[in-house]
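Respectively, the protein sequence lines represent chains A and B.
Using my numbering, the first residue of the first sequence is number 1, and each one after it goes up by one.
Using my numbering, the first residue of the second sequence is number 1001, and each one after it goes up by one.
These are computed hints drawn from the structure, not numbers from a lab.
Please read these numbers as outputs of a predicted model, since none were measured by experiment.
The reader is advised that the hints may include incorrect statements.
What the hints assert, rightly or not - Derived BS3-like pairs (lysine-lysine); straight-line CA-CA distance at most 30 Å:
1) B/K1317 / B/K1371
2) A/K125 / B/K1244
3) A/K125 / B/K1146
4) A/K145 / B/K1196
5) B/K1196 / B/K1146
6) B/K1077 / B/K1244
7) B/K1289 / B/K1371
8) B/K1196 / A/K182
9) A/K182 / A/K166
10) B/K1146 / B/K1228
11) A/K145 / A/K182
12) B/K1077 / B/K1146
13) A/K166 / B/K1196
14) A/K182 / B/K1077
15) B/K1244 / B/K1228
16) B/K1289 / B/K1244
17) B/K1317 / A/K125
18) B/K1077 / A/K125
The chain contents come next:
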Amino acid sequence: MAVAELSTIAHRGDAGDSKCTFDSVLDIDDPVKPYSKSIQLALKSSLGASRTAPAIQENGHSSGGRELGQASLPLSAYLPRPALQRKHLQARPSLHALQEWEGYVIEIGETEFVARLTDLTANAKVEDEEAVIPLEEISDDDAAKLRLGGIFRWVIGYERSGTGTKKRVSQIVFRDLPVVTKSDMREGEAWARETLRLLNP
Amino acid sequence: MGPGNAAAAQPLAAAEGPPGESEFELTLLGPGYGESIVLHIGGGDWLIVDSCVNAGGIPRAIEYLAGIGVDPGGQVKLIVATHWHDDHVRGIAELFTRCENARFCCAAALRTGEFLAAVQALESRHLSVAGSGVREMFGVFSELRKRTNMATFAQANRRIFSSGPCEIWSLSPSDAQYQSFVESVGTLVPVEGGGKHRVPASGPNSLSVVLWIRLGEAMVLLGADLEKPGWAEILKSRERPVEKASVFKIPHHGSRNAHEPGVWREMLDPAPMAALTPWRRGGASLPGKEDVERILSLTENAYASTGRDAATSSGRKRISAVERTIRESGISLRHSAPPCGAVRLRRNREGGAEWRATTLGAARHLRNYFK
Chain A
1 MAVAELSTIA HRGDAGDSKC TFDSVLDIDD PVKPYSKSIQ LALKSSLGAS
51 RTAPAIQENG HSSGGRELGQ ASLPLSAYLP RPALQRKHLQ ARPSLHALQE
101 WEGYVIEIGE TEFVARLTDL TANAKVEDEE AVIPLEEISD DDAAKLRLGG
151 IFRWVIGYER SGTGTKKRVS QIVFRDLPVV TKSDMREGEA WARETLRLLN
201 P
Chain B
1001 MGPGNAAAAQ PLAAAEGPPG ESEFELTLLG PGYGESIVLH IGGGDWLIVD
1051 SCVNAGGIPR AIEYLAGIGV DPGGQVKLIV ATHWHDDHVR GIAELFTRCE
1101 NARFCCAAAL RTGEFLAAVQ ALESRHLSVA GSGVREMFGV FSELRKRTNM
1151 ATFAQANRRI FSSGPCEIWS LSPSDAQYQS FVESVGTLVP VEGGGKHRVP
1201 ASGPNSLSVV LWIRLGEAMV LLGADLEKPG WAEILKSRER PVEKASVFKI
1251 PHHGSRNAHE PGVWREMLDP APMAALTPWR RGGASLPGKE DVERILSLTE
1301 NAYASTGRDA ATSSGRKRIS AVERTIRESG ISLRHSAPPC GAVRLRRNRE
1351 GGAEWRATTL GAARHLRNYF K
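Excised from the complex, chain A in its bound form (with noise of 0.2 Å):
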């Protein structure tokens, strides 16, 4: 797939889900085959503030610098559009993920946070890297959930414009992790007691 075609997503609050915050993201050619969650969490990324590499043209000559804290698009630009208006939708934003990683933060300084990271696109069994961020890598959103071990998604990929740009992007996402329900809770209960139970027959 060389750039992601977006037709709808659907915000999902608590998932279960470990890896994603939207439902689904589907391709106009085959609209029931979802686009890979990188695809996924990068948008959603576009809520907050995203790191931008030097905008790429379509030629692959750069148009500029680095746009550090530039806005990227909001989501409202990936949005599920009218039927009537689909004919047009090759000129839609799109993200194309190059590289994807989660992590997880393990400390954190005044001007940086260290993370172990898994290479998902290398499709690593286990979090063999580890980078230093700068803390002006993330968005003030993100800023709030920083906290040692808080598990996020780093994406660099190309971002294309509804007007043809391509910009090569940088993106790290806090994810959203789960709430703590007293159903939780009462299993948790539960399971541990059934565990004492069976350990000491």
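Assemble chain B onto chain A, guided by the hints.
Positioned in the frame of chain A, the structure of chain B alone reads:
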């Protein structure tokens, strides 16, 4: 040997076959993603203390044993988790599942209802693709629910295993450490309405299980990650063994915080065989130069499972656009684990026999740690 175990065999251990029936072996594997010790107690029986995994997520102990022709499923009799920090239990759930004849041992404090409830609430649904110490313990206890009566719980001065010439005693955690853990377990317990999270691998190592292993006439002291206050309690105990050990797994990666001179004086032979695994997180790493000098001043027979890793890049090749973006973003990326090695010690069972040290893979004498 099951097909999974056979597939795990790697060249690290393939240089030699298994020890003889009457030969003892202690091999320290690491760092990989932590450390693991395999121990041959004679007669083809093995024990495993702690776990770490290779890049494929396979426990190093399985990889090593399979590589020397040992069947982990039939020959491993005991697995011990000295504590539940990530760098000591990664892969231990899979290890326990594969070692079908093994009992499992961990600190008695991990058997509390509060800890188990927290473990289930946090890890019954995975939050992350990456593993964690809590997830491993959830996996182990889930397996223990199927294998009734296969758990042993360690606390100070308790015999946890005995077979032929081998006896194993846990020297810690003490009653005070047990109580301290029970009081602090509340920090793990999820709060209703609060967000789930990956429990960070931090905090004191006071719950570490230190092991005293008697192999015929040879004594071995495995220090886990126990720090100074815990060692002070062991030294004070009137119930601890009176013999001296000829092998010492240096606690907490050689850190000064875990160095208690009385241990070297009262519990170890002069110039014992000593081995450690390095550790690194963010800008911090162990052992440091002072640690290496201190250890070498106490024994010339000191080894590390790998050298200090000075890698500044991840070592993984990526397309140029990705490499360029990483550079431009100011993010530095590197391997989180240096190459794995193993320090192998073997000796015959007969009295007076000497331990023979072999370094495999990236392992080396401690004096070469920074080279």
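Outcome of the hint check:
1. At most 30 Å may separate the alpha-carbon atoms for a hinted pair to count; B/K1317 and B/K1371 meet this at roughly 26 Å.
2. At most 30 Å may separate the alpha-carbon atoms for a hinted pair to count; A/K125 and B/K1244 exceed this at roughly 42 Å.
3. For a cut-off of 30 Å, the pair hint linking A/K125 to B/K1146 stands: about 26 Å separates their Cα positions.
4. For the proposed pair A/K145 and B/K1196, the alpha carbon gap of about 12 Å is at most 30 Å, so the pair holds.
5. With a CA separation close to 27 Å, the supplied pair B/K1196 and B/K1146 stays within the 30 Å bound.
6. A distance of roughly 25 Å separates the Cα atoms of B/K1077 and B/K1244; the hinted pair therefore holds under the 30 Å criterion.
7. Proposed proximity of B/K1289 and B/K1371 is supported: the alpha carbons are some 12 Å apart, at most 30 Å.
8. Of the pairs offered as hints, the one joining B/K1196 and A/K182 holds, with about 13 Å between alpha carbons and a cut-off of 30 Å not exceeded.
9. For the hint pairing A/K182 with A/K166, the CA-to-CA distance comes to about 47 Å; that exceeds 30 Å, so the pair is violated.
10. Between B/K1146 and B/K1228, the direct Cα distance comes to roughly 37 Å. Violation of the 30 Å bound is thereby established for this hinted pair.
11. Proposed proximity of A/K145 and A/K182 is supported: the alpha carbons are some 23 Å apart, at most 30 Å.
12. Between B/K1077 and B/K1146 the CA atoms are separated by roughly 17 Å; this keeps the pair inside 30 Å, and the hint holds.
13. The hinted pair formed by A/K166 and B/K1196 fails the criterion: a straight-line CA distance of about 37 Å is larger than 30 Å.
14. The suggested pairing of A/K182 with B/K1077 is violated, with an alpha-carbon distance near 40 Å, which exceeds 30 Å.
15. Note on B/K1244 and B/K1228: the hinted pairing holds, with a Cα-Cα distance of about 19 Å set against a maximum of 30 Å.
16. For the suggested pair B/K1289 and B/K1244, the alpha carbons sit about 27 Å apart, so the restraint of at most 30 Å is met.
17. The suggested pairing of B/K1317 with A/K125 holds, with an alpha-carbon distance near 17 Å, which does not exceed 30 Å.
18. As the CA atoms of B/K1077 and A/K125 are separated by approximately 28 Å, the hinted pair is consistent with the 30 Å bound.
Violated hints for the displayed structure, listed by number in ascending order: 2, 9, 10, 13 and 14.
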